[in-house]
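Visitor: Take a look at the letters that make up each chain.
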Amino acid sequence: MVGIVTYGAYIPRFRIAIPEIARVWGANADDITKGLGVREKSVPDVDEDTATIAVEAARAALVRRPINPADIGAIYVGSESHPYAVKPTACTVGEAIGATPCMTAADYEFACKAGTAALQTCMGLVQSGMIRYGIAIGADVAQGAPGDALEYTAAAGGAAFLLGNDDPIAVIHKTCSFTTDTPDFWRREGQSYPRHGGRFTGEPGYFKHVQGAALMLLAQMGTTPKEYDYAVFHQPNAKFPLRVAQVLGFSADQLRTGLVVPRLGNTYSGSSMIGLAATLDVAKPGDRIFVTSFGSGAGSDAFDIEVTDAIASDGFSRAAAPSVEHLLADPIYVDYAQYARHKGKIVMQQ
Amino acid sequence: MVSRFWRKIPQRYNLVGTRCETCGRHFYPPRTFCPDCRRGGKIVDHWFTGEGKVTTYTVIRTASNQFEHATPYVLAIVELDEGPRLTAQIVCRPEEARIGMRVRRVFRRIAADGESGVIHYGTKFVPA
Numbered sequence: 000m001v002g003i004v005t006y007g008a009y010i011p012r013f014r015i016a017i018p019e020i021a022r023v024w025g026a027n028a029d030d031i032t033k034g035l036g037v038r039e040k041s042v043p044d045v046d047e048d049t050a051t052i053a054v055e056a057a058r059a060a061l062v063r064r065p066i067n068p069a070d071i072g073a074i075y076v077g078s079e080s081h082p083y084a085v086k087p088t089a090c091t092v093g094e095a096i097g098a099t100p101c102m103t104a105a106d107y108e109f110a111c112k113a114g115t116a117a118l119q120t121c122m123g124l125v126q127s128g129m130i131r132y133g134i135a136i137g138a139d140v141a142q143g144a145p146g147d148a149l150e151y152t153a154a155a156g157g158a159a160f161l162l163g164n165d166d167p168i169a170v171i172h173k174t175c176s177f178t179t180d181t182p183d184f185w186r187r188e189g190q191s192y193p194r195h196g197g198r199f200t201g202e203p204g205y206f207k208h209v210q211g212a213a214l215m216l217l218a219q220m221g222t223t224p225k226e227y228d229y230a231v232f233h234q235p236n237a238k239f240p241l242r243v244a245q246v247l248g249f250s251a252d253q254l255r256t257g258l259v260v261p262r263l264g265n266t267y268s269g270s271s272m273i274g275l276a277a278t279l280d281v282a283k284p285g286d287r288i289f290v291t292s293f294g295s296g297a298g299s300d301a302f303d304i305e306v307t308d309a310i311a312s313d314g315f316s317r318a319a320a321p322s323v324e325h326l327l328a329d330p331i332y333v334d335y336a337q338y339a340r341h342k343g344k345i346v347m348q349q
Numbered sequence: 000m001v002s003r004f005w006r007k008i009p010q011r012y013n014l015v016g017t018r019c020e021t022c023g024r025h026f027y028p029p030r031t032f033c034p035d036c037r038r039g040g041k042i043v044d045h046w047f048t049g050e051g052k053v054t055t056y057t058v059i060r061t062a063s064n065q066f067e068h069a070t071p072y073v074l075a076i077v078e079l080d081e082g083p084r085l086t087a088q089i090v091c092r093p094e095e096a097r098i099g100m101r102v103r104r105v106f107r108r109i110a111a112d113g114e115s116g117v118i119h120y121g122t123k124f125v126p127a
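Protein sequence lines, in the order shown, are assigned to chains Y and Z. Numbering of the first sequence is given in numbering that gives the first Met the number 0, commencing with residue 0 and proceeding in unit increments. Numbering of the second sequence is given in numbering that gives the first Met the number 0, commencing with residue 0 and proceeding in unit increments.
Everything labelled a hint here was simulated from the structure, so no lab data went into it. Beta carbons are placed, not taken as given, at the ideal position from N, Cα and C, and that holds for glycine. Check each hint, because a few of them may be wrong.
[Claimed, not checked] Taking beta-carbon pairs under 8 Å as the criterion, some of the chain Y residues facing chain Z (in silico):
#1 1
#2 46
#3 50
#4 54
#5 55
#6 70
#7 82
#8 94
#9 97
[As the list claims (entries may be wrong)] In silico lysine to any residue, SDA-like type, Cα no more than 20 Å apart, as pairs:
#10 Y/344 x Z/70
#11 Y/86 x Z/48
#12 Y/342 x Y/33
#13 Y/342 x Z/68
#14 Y/86 x Z/110
#15 Z/7 x Z/112
#16 Y/344 x Z/5
#17 Y/344 x Z/48
#18 Y/86 x Z/109
#19 Y/342 x Z/65
#20 Y/342 x Z/7
#21 Y/86 x Z/112
#22 Y/283 x Y/322
#23 Y/342 x Z/91
#24 Y/33 x Y/119
#25 Y/342 x Z/48
#26 Y/342 x Z/70
#27 Z/7 x Y/100
#28 Z/7 x Z/70
#29 Y/86 x Z/5
#30 Y/342 x Z/8
#31 Y/86 x Z/68
#32 Y/342 x Z/119
#33 Y/86 x Z/8
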């Protein structure tokens, strides 16, 4: 059965504390930190972007399990901050892991759920027998306009999942999606920063779609929230996933392991995928994981995942690559000026 | 410029060099001929593990246009565990760098051909 054969994550080492951003814009740091439930967010180094993050995540996945890169038949990278408008990040990843040239590749864009859309594509290709392995990556160096609400959470990071039929560490029993045309958040061609509909992003955007996909999956599987050991929801802040979990009947305990946003921020396409990686970092054989992503525009992909004995077998080494917890530990804090430099927000002389 | 970068992608991304099967000597950048074994040598591709140590280093504080956004940065001669030495950037604070420090490879942006040109990716090193 199709499933996750191996996985890896990557988070840059730099962080900026939310009160430091609030200080620059004269905002109330306590209100913002409490309102979002986010204390700090990751910041890329000056030489890191979506491609470098995607490559590091994919390499981490391959370190955990000896897979012949020539057997990887597809690579899809989901992001809303691809380094090029035209020229796929996925080709760079393929070259950097030695999977080229006998593979298909493409970049995906669907706000914060492009990575899980890539997961579904790889599932389909594996299940149809078109490829042996496929890699789905969600990675971003997320954009938020200076002073905008998004700037307090827009972070950098990513996760890669190698899918196949051969002895997966976690099988994916089912996936389904809920999609509509909802303008809750967007970025027009050529614009540097996205715009959003403020409070409109909540009910008609995040909650309608996450609940739509989650309830559809529970109905199709004939399961209830209590049957899952862990749940991961897209986490633009800490409040939204906790509230949607409560509405659906999941507990805060089920969410805790995969809720990385308070220390990481919103890694957009990486968000729910890093949450899943953090969950796989500690999951035991037999554990069931419920995952629902959300991408503005808008849509949600839901997954029913069950961890297998392979996660504890000799053929898979979880410790060979850094866990999400390890990647979050020992950060280097930067002030707003250094953050602006890292993010290329300072206009330089040409 | 584009073709010059493209031609070296295997070396820049994955540290692909060569090895002489006759004497076991490794080469980076790759050589097609073993200077020790000469006609008796047999050269094959070798993917370096990307682990090594700092032989020596300097801190660049005044850089050319392409790299001035990154100053100050550490530029080192890294000795790979298989033997060859190469010049590469070490991603760390200048005060962290020291001779003999163990390092491992990472994939980073090296430079870009202006705002609209090709982005050059490649290998840098971080403290292991």
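Visitor: All the hints need checking, so say for each whether the structure fits it.
Guide: Outcome of the hint check:
1. Taking 8 Å as the C-beta contact cut-off toward chain Z, the hint placing residue 1 of chain Y at the interface is violated, the least distance being around 28 Å.
2. Interface hint status for residue 46 of chain Y: upheld, as the beta-carbon distance to the closest one in chain Z is roughly 4 Å, under 8 Å.
3. With 8 Å as the threshold, the beta carbon of residue 50 of chain Y comes within range of chain Z, its nearest partner Cβ sitting at about 6 Å, so the hint holds.
4. Taking 8 Å as the C-beta cut-off, the interface hint given for residue 54 of chain Y holds, the closest approach to chain Z being about 4 Å.
5. Interface restraint check for residue 55 of chain Y: the shortest CB-CB distance to chain Z comes to about 6 Å, inside 8 Å, so the restraint holds.
6. Violation of the interface hint for residue 70 of chain Y is found here, the shortest Cβ-Cβ separation to chain Z being roughly 17 Å, above the 8 Å cut-off.
7. Taking 8 Å as the C-beta cut-off, the interface hint given for residue 82 of chain Y holds, the closest approach to chain Z being about 6 Å.
8. The closest approach between the C-beta of residue 94 of chain Y and any C-beta of chain Z is roughly 6 Å, which is under the 8 Å cut-off, so the hint is satisfied.
9. This hint holds: residue 97 of chain Y has a C-beta 6 Å from the nearest C-beta of chain Z, less than the 8 Å allowed.
10. Proximity of residue 344 of chain Y to residue 70 of chain Z is assessed by CA-CA distance (about 17 Å); at most 20 Å being required, the pair is judged to hold.
11. Taken as a hint, the residue 86 of chain Y and residue 48 of chain Z pair is broken in the structure, with Cα atoms around 28 Å apart against an allowance of 20 Å.
12. A C-alpha spacing of about 25 Å is found between residue 342 of chain Y and residue 33 of chain Y, which places the hinted pair above 20 Å, so the restraint is violated.
13. This hinted pair checks out: residue 342 of chain Y and residue 68 of chain Z have alpha carbons roughly 11 Å apart, not beyond 20 Å.
14. For a cut-off of 20 Å, the pair hint linking residue 86 of chain Y to residue 110 of chain Z stands: about 17 Å separates their Cα positions.
15. This hinted pair checks out: residue 7 of chain Z and residue 112 of chain Z have alpha carbons roughly 16 Å apart, not beyond 20 Å.
16. Simply put, residue 344 of chain Y and residue 5 of chain Z have alpha-carbon atoms about 29 Å apart, too far for the 20 Å limit, and the pair is violated.
17. Taking the CA atoms of residue 344 of chain Y and residue 48 of chain Z, the gap is about 36 Å. The hint is violated against a cut of 20 Å.
18. The straight-line distance between the Cα atoms of residue 86 of chain Y and residue 109 of chain Z is roughly 18 Å, inside the 20 Å bound, and the hint therefore holds.
19. Taking the CA atoms of residue 342 of chain Y and residue 65 of chain Z, the gap is about 17 Å. The hint holds against a cut of 20 Å.
20. Proximity of residue 342 of chain Y to residue 7 of chain Z is assessed by CA-CA distance (about 28 Å); at most 20 Å being required, the pair is judged violated.
21. A distance of roughly 15 Å separates the Cα atoms of residue 86 of chain Y and residue 112 of chain Z; the hinted pair therefore holds under the 20 Å criterion.
22. With a C-alpha separation of about 15 Å, the suggested pairing of residue 283 of chain Y with residue 322 of chain Y holds against the 20 Å cut-off.
23. Restraint check for residue 342 of chain Y and residue 91 of chain Z: the C-alpha separation of about 18 Å stays at or below 20 Å, so the hint holds.
24. Between residue 33 of chain Y and residue 119 of chain Y, the direct Cα distance comes to roughly 35 Å. Violation of the 20 Å bound is thereby established for this hinted pair.
25. Note on residue 342 of chain Y and residue 48 of chain Z: the hinted pairing is violated, with a Cα-Cα distance of about 31 Å set against a maximum of 20 Å.
26. For a cut-off of 20 Å, the pair hint linking residue 342 of chain Y to residue 70 of chain Z stands: about 15 Å separates their Cα positions.
27. For the suggested pair residue 7 of chain Z and residue 100 of chain Y, the alpha carbons sit about 16 Å apart, so the restraint of at most 20 Å is met.
28. Restraint check for residue 7 of chain Z and residue 70 of chain Z: the C-alpha separation of about 25 Å exceeds 20 Å, so the hint is violated.
29. Simply put, residue 86 of chain Y and residue 5 of chain Z have alpha-carbon atoms about 14 Å apart, close enough for the 20 Å limit, and the pair holds.
30. With a CA separation close to 26 Å, the supplied pair residue 342 of chain Y and residue 8 of chain Z exceeds the 20 Å bound.
31. For the given pair, residue 86 of chain Y sits about 24 Å from residue 68 of chain Z by alpha-carbon distance, which is inconsistent with the 20 Å threshold.
32. For a cut-off of 20 Å, the pair hint linking residue 342 of chain Y to residue 119 of chain Z stands: about 18 Å separates their Cα positions.
33. With a CA separation close to 16 Å, the supplied pair residue 86 of chain Y and residue 8 of chain Z stays within the 20 Å bound.
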